[in-house]
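Using our numbering, the first residue of the sequence shown is number 1, and each one after it goes up by one.
Warning: the hint list may mix true and false statements.
Claimed, not checked - Between beta-carbon pairs, the in silico distance windows are:
1. A400 <-> A257: 33 to 41 Å
2. Y237 <-> A552: 26 to 34 Å
3. K263 <-> N406: 49 to 57 Å
4. T131 <-> G325: 43 to 51 Å
5. N500 <-> N406: 38 to 46 Å
6. K272 <-> A552: 54 to 62 Å
Keep in mind that the hints were calculated from the coordinates and are not lab data. Just so we're clear, the structure is a prediction, and the values are computed from it rather than from any experiment. Where a beta carbon is used, it is the ideal one built from N, C-alpha and C, also for glycine.
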Amino acid sequence: MNNDTKNLFLAIALSVMVLVGWQYFVGAPKLSQQRADIKEQQSLPPRPTSDAANPSKPGAPQSGAPQSGAPTAPGSAVPAAAKSRDEALAASPRLTVDTASLSGSIALKGARIDDLRLKKYHETVDPKSPTIELLSPSGAPHPFYAEIGYVPAAGEKLDLPNAETLWKADGAKLTTTTPVTLSFDNGKGLVFKRKISVDDDYLFTVQDTVENKTEKPVTLYPFSLVSRHGKPETSGYSVLHEGLIGVVGDSGIQEYAYDKIEKETGGQKTFKGVGGWVGFTDKYWAATVAPDQTKPFDGRLSGGGAIQKSYQADALGEPQTIEPGKAGEAKTYVFAGAKVSQLLDRYQQNPGIAKFDLLIDWGWFYFITRPMFKLIDFLYKLIGNFGLAILAVTVIVKLAFFPLANKSYLSMAKMKALQPQLKELQAKYPDDKVKQQQEQMELFKREKVNPVAGCLPMLIQIPVFFSLYKVLFVTIEMRQAPFYGWIKDLSQPDPTNVFNLFGLLPFDPTHVPVFGHFLWLGIWPLLMGVSMWVQMKMNPEATDPVQRQMFAWMPVIFTFMMGSFPAGLVIYWTWNNLLSVAQQGFIMKRAGVPFELWDNLAKTFGRKAA
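Whenever a hint applies, use it, and build me the whole structure from the sequences.
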């Protein structure tokens, strides 16, 4: 076995390893997540959960904080008996929430915002499927709620509202036009009032007032928190953050996955600054709290629990000393809803929540991904279809990079013109690879040809590809966005599959044990593979046999890799390949280089026939 053959087998082995690794770390987790989503939609019996910690009770003292500390971080507790969501909701009198975007209720016991559904979003593309359940009360299968309150200063023992406090409401329903005020009198000289209002989308404004009718000053620390009991299901992709998140002052965006926060010292991370927010983010939804943006606060992300995992994001404000006969105030914003980019931008401007646009995980290439989204969204509003908007963006990108691509393709044309001379060098030095390479480089230098120029079009589209992948993956605008035909959701993989003859055979190949996650291959990935293969046939074949075999295998590898990618991304890649073929053919024809695509294709099939 000569060295070329060994290198060929090594290259094939590495290619297979790349394919297997990609499917194992990307394809398989995605398939598992989709199956989990299906199971969740089938209303399986809820798993036991509990109120692992009472967030209103004081925790251990912290440096610079009141003696009672900030709201207690989640800890271990013996799980209580599981209740259905309806049973948990019935455990407290409730204030109905009804807006154009939200439905649900606020518990008068504890004054928690703990029951919200998103009216505009459904679990599946079927408009009759259930709406998205975001927040859920303590005792339900997946407790997830926001709470606001006060803790006392060091040495003070005060009867403050907590999770068991029953508030009185001056109305029965909270709407965008009818705010509701809750009140509680502790019977010892402190009267608490809480005015709650909500806008047409997903932002609650909570205005707290404390009247001091005692004969001495009272010092209180306002707090707000979002608590989540039980570790939720996540997509498992490194390209997407799901978990605890926040911006506090100048600390920048803080992102901690559920497992990561548990590994921090004490299971928590603290930050201090003026302005910002803390909370939880899922792929498309989020729940956060933001205190007064003009005052400093201590932010904390925490999690843990030996028996029942529980996680919390909380903010502890500056102390307020309320003199006798006076009143103290605190304002908190609670966001609970869909991460719509335009909406987050608006909340960043008014009421001025600092860096709220970072609630969407734009990634390290923010400066590319964000403009890419804005361009696609703008074209969508003109065209009316996100798929067509993606095709239009591809054309725009092609036009923007046309001068660079023109130089690249001209260099490739010159490279093709040198093919006879390259073959002469191979024949002249058949056994001296070093000499052959040296002579080839001299030829390239003499003719002013860059042998790697043909890679530039591919390199150019890599950042565009990544930014589009990010946009398709993290923006809710792409969720359940249809194209044409069988593509009902551009953010999901092509639902067809060649291994069951595109639905003619009554089984799902992806459920096959061990190899199932390799068998995700629909029509659009196949078209992408063919277009990539045709594009490669536009270029001269590599003189090195190993490189030639590698390039021959690339379309096959990419076809399988792209099988589990969002359909919108596969459509983009296919369209980009076709435009590249047309562009390259046009430029080569202008350069006087023969258009040899059909000859190369005939030669390939002729070689196979022989």
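A quick look at each hint next to the structure:
1. A400 <-> A257: 33 to 41 Å: With a Cβ separation near 36 Å, A400 and A257 satisfy 33 to 41 Å, so the hint holds.
2. Y237 <-> A552: 26 to 34 Å: holds, 30 Å
3. K263 <-> N406: 49 to 57 Å: holds, 52 Å
4. T131 <-> G325: 43 to 51 Å: For G325 against T131, whose Cβ atoms are near 48 Å apart, the range 43 to 51 Å holds.
5. N500 <-> N406: 38 to 46 Å: holds, 44 Å
6. K272 <-> A552: 54 to 62 Å: Since K272 and A552 have Cβ atoms about 58 Å apart, the given range 54 to 62 Å holds.
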